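Quick note, the sequences are listed as chains U and H, same order.
So the first sequence is numbered by this note's numbering: it starts at 12 and just counts up by one.
So the second sequence is numbered by this note's numbering: it starts at 12 and just counts up by one.
To be clear, the hints were calculated from the coordinates, so they are not data collected in a lab.
Quick caveat: nothing in here was measured; it's all calculated off a predicted structure.
There may be inaccurate statements among the hints.
To be verified - Simulated coverage check for chain U against chain H, where a stretch passes if three residues somewhere in it have a Cβ under 8 angstroms from a Cβ of chain H:
hint, segment
1, 25-38
2, 223-234
What the hints assert, rightly or not - Negatives, chain H to chain U, calculated, CB over 12 angstroms:
hint, residue
3, E41
4, D45
5, N130
6, E267
7, T268
8, N306
9, T315
10, K323
11, S349
12, S362
13, M367
14, Y369
15, K378
The beta carbon of each residue, even a glycine, is placed where N, CA and C say it ideally should be.
2 protein chains.
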Amino acid sequence: MLPGPTNVPNRVMRAMLAPIINHRSDDFVELYSDVVEKTQQVFQTQNDIVALSASGTGAVEAGVINLIKKDDKVIIPVNGEFSNRLSQLIAGQGANVIKLETPPGQNATFDQVKEAFDNNNDVKAFYVVHNETSTGTMVNYLDRVSDLTSRNDAFYVVDSVSLLGGVSLPVDKWNIDVCMTGAQKALAAPPGISPISVSAKAKKYMIENPPPTMYFNLARYFHYYEESKHTPFTPALPLLYAYREALTIMLEEGLETVYKRHKVCSDALYSGLSAIGLTPFAKEEDRSISIVALNYLEGLQDKTFRDTLAQKFKVLVAGGFGDLKGKVFRVGCMGEVSPYHVMRTISAISSTLAMMGYETNAQAGLKTAEEKLKDL
Amino acid sequence: MLPGPTNVPNRVMRAMLAPIINHRSDDFVELYSDVVEKTQQVFQTQNDIVALSASGTGAVEAGVINLIKKDDKVIIPVNGEFSNRLSQLIAGQGANVIKLETPPGQNATFDQVKEAFDNNNDVKAFYVVHNETSTGTMVNYLDRVSDLTSRNDAFYVVDSVSLLGGVSLPVDKWNIDVCMTGAQKALAAPPGISPISVSAKAKKYMIENPPPTMYFNLARYFHYYEESKHTPFTPALPLLYAYREALTIMLEEGLETVYKRHKVCSDALYSGLSAIGLTPFAKEEDRSISIVALNYLEGLQDKTFRDTLAQKFKVLVAGGFGDLKGKVFRVGCMGEVSPYHVMRTISAISSTLAMMGYETNAQAGLKTAEEKLKDL
Chain U
12 MLPGPTNVPN RVMRAMLAPI INHRSDDFVE LYSDVVEKTQ QVFQTQNDIV
62 ALSASGTGAV EAGVINLIKK DDKVIIPVNG EFSNRLSQLI AGQGANVIKL
112 ETPPGQNATF DQVKEAFDNN NDVKAFYVVH NETSTGTMVN YLDRVSDLTS
162 RNDAFYVVDS VSLLGGVSLP VDKWNIDVCM TGAQKALAAP PGISPISVSA
212 KAKKYMIENP PPTMYFNLAR YFHYYEESKH TPFTPALPLL YAYREALTIM
262 LEEGLETVYK RHKVCSDALY SGLSAIGLTP FAKEEDRSIS IVALNYLEGL
312 QDKTFRDTLA QKFKVLVAGG FGDLKGKVFR VGCMGEVSPY HVMRTISAIS
362 STLAMMGYET NAQAGLKTAE EKLKDL
Chain H
12 MLPGPTNVPN RVMRAMLAPI INHRSDDFVE LYSDVVEKTQ QVFQTQNDIV
62 ALSASGTGAV EAGVINLIKK DDKVIIPVNG EFSNRLSQLI AGQGANVIKL
112 ETPPGQNATF DQVKEAFDNN NDVKAFYVVH NETSTGTMVN YLDRVSDLTS
162 RNDAFYVVDS VSLLGGVSLP VDKWNIDVCM TGAQKALAAP PGISPISVSA
212 KAKKYMIENP PPTMYFNLAR YFHYYEESKH TPFTPALPLL YAYREALTIM
262 LEEGLETVYK RHKVCSDALY SGLSAIGLTP FAKEEDRSIS IVALNYLEGL
312 QDKTFRDTLA QKFKVLVAGG FGDLKGKVFR VGCMGEVSPY HVMRTISAIS
362 STLAMMGYET NAQAGLKTAE EKLKDL
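Bound-form chain U, shown alone (with noise of 0.2 angstroms):
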């Protein structure tokens, strides 16, 4: 139940076992053919999709030096970890940087972003994370979001590693130009490949600009694939089978089964661990699908917490990030998530909880997310 990386399913590892094959060859045209048109139906999109051999820090750096250049103006919410290295990674190429700062545990308003496009009639991108996984927040107005990018025609970029797949992000419909994720979070496969896909307007720009860097050059990808589906370098074959099947059991469950899923799963979550006397870190209404994020009970310790229970339990969670550290801890709803997931869980910390003293209503938390688990 870690946010990522979380587990894989055996059909998922055992892909991994296909021999190491020429990735100059027909085999890989194959492998990699298919592992970018199944890429393209879970972004819902036509844009071109580049799989980087990376962890998902690699495709968000890509979506920013192949685009971003010194003096740029960029808007971008701020408020956990992984925003901050996003808009890190942004000033760092010399762009002249406007954060959004909210509280951790809430975002940015669509009016505050919108506040912003106002005053700055010369902005050439916005990024934003779609999750922040350290927080456990998630931005629900990305839908709307490219009325203010199509003012001044800027870019649009969203950093969804740590959800897509776990919600519907229409990439085309949105209009987002560029959109990373990475393999190990809500699709479900090993760490190692993150995928990212580029609107023909992003995609020109990026050749006609291109970084001064190799691995993450992505018009360099753009060429190996339309000369012959390859990619410039050695790419981590392996992973590349497990991802394929991976998303070939996403497409076989059907998207918005998938979605609902963890939808249905992350409210039992929600409901059934505030059942028992937890509180969600998150503001209700930017509360994560994908990451649940508690409050620790006062006194209690980070670690023993998690210790017992993955000790007696062999439930896995993460601690707090930063600052957090100690005061949170965090649930992953993503991948294989299932009721059985939710409930085990559920019974799990609250049984962990009474071991180390503290007293919990069990018996409320498991009938809620049970009541909720009916919408599946």
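With chain U fixed as given, assemble chain H onto it according to the hints.
This is chain H only, laid out in the frame that chain U set:
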């Protein structure tokens, strides 16, 4: 028999099936510490190690952007695709690149390198591709280079992506500041993990002068490792398990035995394939141990030859790169390469040539190879 990615032993493939763990846990600390320690043994170094989740080019890029700044003077021998890429990466930083260019298949001599140092007493770094995968050459004087770099305390950087593990490359003894390799070559692991070693001097420089990148900022990796033995970003866990297993197998066999096996198999391939009537592409004294590049016989079609070899005999070799496309083919001799691979490859190549109407001396080739293999 590809020049990488190479065959991966089953034991290594199966290691990927270990369950996905939390990369912020004690289990990860155990895994990654072991990876670092075993990498140190194979690199013959006490230097810091970073195992990047990226392909070889990623590690090579990290080895450049963490050390080279605008206007730095850098000497680099160039004679093929990969040394050319490396010099492009260096030039991309705005450096003043002194290229020692030689024809493909032939290395700059030590005297030419020395002359470049004599003429440039303000050089900041010497970069060299140990083994030029595109042409099958290998540099044989890496043991003497630090006599030159030590004159003015220049950095000494070796890109040994396609060779480290196949010959002895004692990083500490030869005073190599930064050394990069890829897991999918002589180390016989799947592609996607690329280790890099960094000397105390280079590390100090990198920490004081971090590059404007996040994913390849090595200072960040040093910091995380020192603080918690973690990596800053979610690593490609299954590949780390596989890479560790590959290192374990190498250390069990013994490094000297591994080097000897590579050398003897390589000698047998060169002499056996020469005896059947082919000629190696590279100049004799510069020939690579891990990549045997051979000239095509007059009129021999690259695609037909390699397709027949693959389809009839299930032996995969690679074609030529860039200008050498259609002119040479390349046989990998690395990783788990053994007398069986050598004999079978010579037999299959000889049979393919015969099927295509060429007269070859299969008997002489096999006999010569068998003789050479007696040294094992």
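Quick rundown of the hints versus the structure:
Here's how the segment 25-38 of chain U fares: 9 of its residues keep a CB closer than 8 angstroms to some CB of chain H, so the rule of at least three is met and the hint holds. Counting residues of the segment 223-234 of chain U whose beta-carbon sits less than 8 angstroms from any beta-carbon of chain H gives 5, enough to reach three: the coverage restraint holds. Distance to chain U confirms E41 (chain H) as a non-interface residue, since its nearest Cβ pair spans about 15 angstroms, more than 12 angstroms. Consistency note on D45 (chain H): stated as away from chain U, and its beta-carbon is indeed over 12 angstroms from all of that chain's, at 19 angstroms minimum.
The beta carbon of N130 (chain H) sits about 27 angstroms from the closest Cβ of chain U, which is more than 12 angstroms, so the claim that it is off the interface holds. For E267 (chain H), the shortest C-beta to C-beta distance to chain U comes to about 26 angstroms, beyond the 12 angstroms cut-off, and the non-interface label holds. Distance check for T268 (chain H) against chain U: the nearest CB is about 23 angstroms away, which clears 12 angstroms, and the non-interface claim stands. Interface exclusion of N306 (chain H) from chain U stands, the closest Cβ pair being 20 angstroms apart, more than 12 angstroms.
Distance check on T315 (chain H): its Cβ is at least 15 angstroms (rounded) from any Cβ of chain U, clearing the 12 angstroms threshold; non-interface status holds. With a minimum CB-CB distance of about 16 angstroms to chain U, K323 (chain H) clears the 12 angstroms threshold, and the non-interface call stands. With a least beta-carbon separation of about 17 angstroms from chain U, S349 (chain H) lies farther than 12 angstroms from that chain, consistent with its non-interface assignment. Look at S362 (chain H): its CB is around 20 angstroms from the nearest CB on chain U, clear of 12 angstroms, so calling it non-interface holds up.
Every C-beta of chain U lies more than 12 angstroms from that of M367 (chain H), the closest at about 20 angstroms, which supports listing it as non-interface. With a cut of 12 angstroms on Cβ distances, Y369 (chain H) stays outside the contact zone with chain U, its closest approach being about 24 angstroms. Once the 12 angstroms rule is applied to beta carbons, K378 (chain H) is consistent with being away from chain U; the minimum gap is 30 angstroms.
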